[in-house]
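Chains as they are written, first to last, in this note's numbering: chain F, 1 to 415; chain B, 1 to 905.
Worth flagging that the hints you see were computed from the coordinates, not collected in a lab. It is possible that part of the hints are untrue.
To be verified - Not the full set, but computed from the structure, chain F residues with beta-carbon under 10 Å of chain B: (1) Val113; (2) Lys119; (3) Lys222; (4) Thr280; (5) Pro364.
All residues carry an ideal CB built from backbone N, CA and C; glycine is no exception.
Take a look at the letters that make up each chain.
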Amino acid sequence: MQVTGMRYGKQMLDLADFPTPKVLFENATLEELDKMMKEQGKCVIKPIFYGGVGKKGKAGLVQIANSATDAFSAKRKLYFAQHFFHNRLIQANGVTFEEFIPSSYEIYFNLSVSTFSRKVNFTLTHHGGIDIEELGPDKLYEGTFDSITGLKTYHIVDALSHLNAPSEIISPLAQQLPKLWNLYNDFGFTMIEINPIRMKMINGRLVPIACDFKAQFDRDNKQYKRLNLPEEIFATELSQFEEEINQLRTHQGQSDVVVVNPFGTVTPFMFGGGANSAATEILSEKATISSDFGGNPPYEKMYEISKIVFKYWLKQTNVLLIIGGKANNTDIYVTFKGMFDALRDIISQSGKQDFYVVVGRGGPNLIKGMSYARDILDNFSIPYKFYGYDSSMVEVVQYASELDDWFISQKGELK
Amino acid sequence: MSKFNKPFNYFVGINSLEEIATRESKVLVMNILGNESKNVTPISHIFSGGNIVAGVQYGRPGKIKTDLGEIPVYSRVAEASKQHFFDTGVIYLPPEAVFHAVTELCHYNAINLKKIVIVTEKLSVKDQRLIRAVAQANQIDVFGANCLGVADSWNRVRIGGALGGDKPDETLIKGSIAIHSNSGNFSTTIAEYLKTTGFGTSTIISSGKDVIIQFAVPEFLYAAQNDVRTKAVVLYIEPGGYYEKQALDLIQTGKLKFDKPIIACITGRWKSNLTRACGHAGALAGSGDDAITKEKWFDDYFETKPFSPENPEDVSTKGIRVVSIQHIPQAVKAVLAKCDKNTDFEPIGNLGLKPWFGNDFEKNLPLKLRIPTTQAIFPYNDEITKVNKELGTTFIKQNMRNKSGASKINDDTQVAELHRKPIVDLIEKSYEINIVFTLFKIFPQKEKEKFVSFILNYFGKPSNFEFEIIKKAYENKATPNQSLISALPISGNLSQNSKIKQNVSDLIEFIGELGIRNVNQEIDFEKAKSAAKEKFIQLTSDENPLTTFLFKMQKSCNFKSTFCSLLVNLAEENQNFMNFDFLTASIIVDLALESLILKRISRKNVIDSIDYFSLIAKTVFLSTINYQSNKKINEILQQTDLDLLTTSFTKVAYYSLFDEEPTSESLIEFSALLALTLTNGAGTISAKGAKESVSARNNLATIYAGYLSNTGLAHGGSGYEAIEYLLKSFEGTEIENPELNENEFSTLEIAKKSAKKFLSYKNAVKFSGEMSYERIPCINHPVFKGKKVNIDPREDYIRKYLEARNIKNVFWNFYHNLVEQLFNIGATKNTYCVNIDAVIAVISLKLMWKSFSNGKLTTENLQDIGFLIFLFGRTVGVSAEIIDHIERGTDMDCRTPQEELQFLS
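Kindly generate the complete structure, drawing on both the sequences and the hints.
Okay, here's the thing in structure tokens:
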């Protein structure tokens with residue numbers, strides 16, 4: 001769950017009382033733009049992408065205009081701009097017109113959880129505005145602080161002093177940056193990054209202005225809902241299938257899914273994070289989805305999840321794979337009953353029987369669960385192989401993958 | 001005792017893995033009665049020699065029983081800590097409550113508390129870091145969250161979650177390998193795999209894989225080094241986090257002395273494509289902690305390539321990385337061999353593919369994919385033998401107060417559904433077929449209707465005493481349901497059916513033992529017959545004419561299942577199988593078999609079904625209007641002409657109300673009417689009467705009385721009001737037979753007159769200042785409204801169904817003209833729909849019309865018959881709710897919770 005840009009960044013920074021530039025959106029009138037130009041001389045036009053989308057500047061998607069007409073022309077160009085990021089082609093939907101802040105300094109600031117310190121770390125440099133990875137360690141300060149008392153003014157002063165930062169920026173940053181901790185700590189963030197913060201001279205004093213915003217939320221921390229951000233800015237990260245499954249997300253049992261390949265031919269029900277990692281890797285593009293349904297889900301949840309999975313993927317499936325290790329606490333009978341009741345109900349309607357079921361599983365009530373599934377499959381004459389935990393899970397997945405190859409070859413011959 | 005200085009700039013209390021899970025540790029479990037804990041905790045307690053001293057359940061003190069005695073449960077930690085010493089807290093609470101629980105444990109037991117294990121998943125990152133801050137300040141080691149706890153195979157202790165599952169003895173075998181795993185499931189799976197090369201475990205830590213791991217690899221390696229039992233460690237690692245790098249850096253810089261081999265398995269290369277976590281929350285890498293980078297950390301440390309099963313000697317004494325968990329056992333063996341260390345015991349099993357269940361269904365798979373099934377390992381092989389004998393499902397018990405697995409109202413169509421079938425789909429079926437569907441969730445073949453009717457006619461026969469009760473009740477002006485309530489419960493627990501039930505039970509077991517998993521499955525007949533003779537050795541022929549009759553019926557049936565053919569064959573050859581109870585039981589099992597195999601119904605459901613057949617049929621027979629003079633019903637009940645026992649039960653129900661032979665059209669209408677009243681969802685008060693009686697654990701006859709007590713004149717009242725309205729509207733018309741279409745008898749003028757009458761009545765009432773007025777019954781519907789012309793799709797469907805069979809109904813025509821006229825004269829804002837209740841009214845009135853016109857039926861009879869038609873249908877539908885509630889519900893689950901009650905002064 002990520003947000004980038006000032007479309008919602010300004011809203012959040014305003015909440016923390018952290019200075020921001022003036023920002024207009026795509027519906028700005030010519031008069032409003034003219035006014036911004038007269039006051040600031042220039043404005044920055046950026047496309048709006050939902051979700052976590054970076055490297056826009058490098059992709060030439062950030063433009064600076066000197067007149068309202070130029071700004072409008074940039075808007076036309078950037079409104080539906082396309083951007084290739086994280087192997088995905090993403091399309092913009094709107095633009096922001098942001099006040100241009102002339103500044104001799106560009107500050108980089110980041111707050112995020114560190115697995116080194118197991119606390120929140122802050123990263124600060126006054127050599128910002130560029131990719132932070134490009135900076136040497138002497139130009140970057142990484143510090144941590146007590147999770148309970150939080151980020152304090154002295155942490156910032158210490159950091160900037162360590163970096164030998166110009167004295168004129170120390171006090172303004174020490175005043176403003178700790179405000180971001182309150183935002184971070186109270187609204188479910190796992191990361192806030194501002195790059196760059198530019199220093200604007202106001203009434204003879206430098207004031208830090210956040211000129212971009214990037215954040216990541218913890219989906220298990222509902223505090224983010226207090227920000228009242230529209231759900232669709234996160235929903236764009238999900239497919240319709242994922243969105244439907246997501247409705248069933250509770251703390252009881254996992255229900256994590258990601259679409260791997262909409263044209264995949266192996267549909268895997270994975271149980272446990274380990275099985276998820278191992279099976280996703282082996283199946284790769286063969287898999288329709290990657291999933292984790294472990295954590296002892298109750299029957300109703302498993303039934304509903306399965307119904308959704310079958311609704312979306314059974315039609316194209318050659319191999320239905322149910323894979324997990326030896327469960328510690330997941331009741332195999334309950335989960336199998338949920339899955340196979342749903343399968344039975346779907347097959348009764350659709351009549352689809354041309355697929356193979358492969359199971360690799362262990363755990364409480366294993367035989368009761370397997371025999372339940374066996375009886376249903378026997379009755380529909382759907383072929384199957386069920387392996388216990390004494391067969392290598394990896395080999396079971398490989399077996400499913402080879403079966404899929406065989407199905408594909410058979411279909412090819414039929415053509 | 002620590003042999004080394006701790007190389008950490010944070011608190012780590014554990015010095016050696018030996019200290020993590022000991023029998024001396026005393027444990028307090030929070031949310032001990034929660035869903036997960038109540039199953040896991042007793043197993044842990046027994047395995048660990050009774051180390052759990054107490055539990056906490058907020059506001060619900062009590063105790064939890066185990067084979068090692070009871071564990072006391074307190075309402076809060078403060079109380080538990082006064083009564084018991086404990087040094088370890090286990091938390092099973094929901095995520096929002098976990099941080100609070102950590103602070104509570106620290107607050108009330110700061111002096112003794114040494115460890116906290118958090119099982120809960122989906123903890124926020126914020127709570128995880130706050131937990132760390134509080135635990136560090138209080139010098140407490142934390143394991144989890146989102147983990148399965150810790151286990152020690154030497155000490156035979158597990159703390160926290162369910163490591164080793166429900167059979168920890170199977171997995172936690174004493175040995176020399178310590179495991180630290182990001183996956184709880186793999187903690188157990190790796191321990192299982194290790195057995196195949198002869199290795200057991202010392203300590204297993206399920207670390208969880210949240211963003212913050214509280215007891216991570218650096219601390220684990222430090223404690224493993226100090227554990228003399230541990231010869232090597234296995235790490236299962238997923239992307240995300242720098243814990244492993246931190247550990248390797250500490251070793252390589254000499255700050256952490258560690259000289260034992262590491263076998264590391266890193267998965268999740270594919271996850272670098274993800275922008276959000278799937279599976280473990282923390283298994284989402286940034287730029288420098290993805291799977292490939294982590295692989296490199298270890299490869300650099302080991303200074304060798306990953307493990308290759310083909311070249312097992314190519315390993316380092318520092319350890320090796322494996323690309324797949326299945327290589328862990330071989331890699332451990334190879335590395336320890338290089339270090340001159342032996343295995344812990346003889347290898348147990350292997351990891352090759354060994355399917356326990358399989359069926360290719362003649363799929364012509366290539367040779368390498370044709371893997372024959374093998375016998376499962378002990379004790380699973382014994383379990384398979386046992387379950388192979390079982391047919392049918394078992395349901396998961398839960399509170400069923402406002403739930404039903406039998407019926408529902410479809411939100412989109414507003415049509416009631418029974419066993420997922422819309423009732424409009426059931427109108428084409430006979431009453432007896434719908435009875436079987438209700439009980440067994442499956443439609444039998446049409447040819448088997450006569451078997452069903454036989455069972456209903458034969459086993460539904462009431463005793464003379466029951467008829468006497470009915471007679472008395474009617475003399476006292478009892479309503480139909482009241483009369484039935486008086487008579488039905490004297491059936492007691494229907495003990496007369498016990499032999500049939502036993503036979504049903506034996507037959508289901510026999511089919512299970514034969515391995516029949518498809519009704520038409522080919523079997524070895526000779527072998528099956530010999531098994532049957534052995535199984536039913538006690539059976540003797542009863543030389544009953546009914547037995548011969550039943551046998552002939554079965555023999556002449558054209559649609560014999562494998563099972564049915566086998567029985568016919570057996571009875572032909574062996575007189576002992578000519579037994580009435582046995583053959584009746586075989587008919588019941590045959591009717592239910594497909595559903596049993598498909599796991600739609602339970603074995604108990606089929607065993608008890610004879611009681612349902614009896615009571616449903618009894619309801620019909622006992623409701624006979626003027627039963628003493630009803631010739632047809634009396635002939636059937638005499639049971640002298642055996643052929644009459646196969647009379648369609650739809651006809652029997654018709655006879656009981658109308659005492660005449662139905663035409664084929666009226667039988668179609670009557671069946672449709674009975675189907676329509678089967679159910680209107682589990683929220684109806686009739687269904688609730690049954691469910692509440694089940695919840696009080698009554699026997700079946702009393703449950704039916706409970707349902708009947710929750711019916712009354714209000715049921716079918718709407719239909720009766722409509723009949724009354726129709727009678728008034730048609731007063732003075734001389735219709736002999738309502739089987740008329742609009743051309744044969746125009747109802748337009750009657751409709752115009754009725755509409756005008758209604759409008760002037762409505763205006764008069766409004767003029768007088770009254771706000772409420774009597775509506776015309778059975779028009780309009782809260783859902784099917786608002787359009788220019790409204791249609792109730794259920795009514796529309798049935799009308800078209802009957803029209804297609806050229807079945808006409810003058811009263812129905814009238815209703816449609818009426819709604820049009822009401823709109824035309826401005827009495828309604830749009831054309832109302834004719835609703836489903838009108839269907840019941842117009843069909844009922846049509847069926848009763850002739851008898852009513854010729855004086856055979858009185859107005860009182862009309863009311864009774866209207867009510868009885870409803871009861872006939874609903875008794876069947878409610879049977880589905882009864883079965884469902886018995887199967888899934890719990891005792892007293894229909895109690896209304898205190899917080900939902902209101903006191904009105």
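Outcome of the hint check:
1. For the restraint placing F/Val113 at the interface with chain B, the shortest Cβ-Cβ distance is roughly 6 Å, inside the 10 Å limit, so the hint holds.
2. Interface restraint check: F/Lys119 against chain B, minimum CB-CB distance 6 Å, threshold 10 Å, status holds.
3. Annotation: interface hint on F/Lys222 holds; nearest CB of chain B at approximately 8 Å, less than 10 Å.
4. With its C-beta approaching chain B no nearer than about 5 Å, F/Thr280 sits inside the 10 Å limit, and its interface hint holds.
5. Here the hint on F/Pro364 is kept, as its CB sits about 4 Å from the closest CB of chain B, short of 10 Å.
Checked against the numbered hints given earlier, the structure satisfies every one of them.
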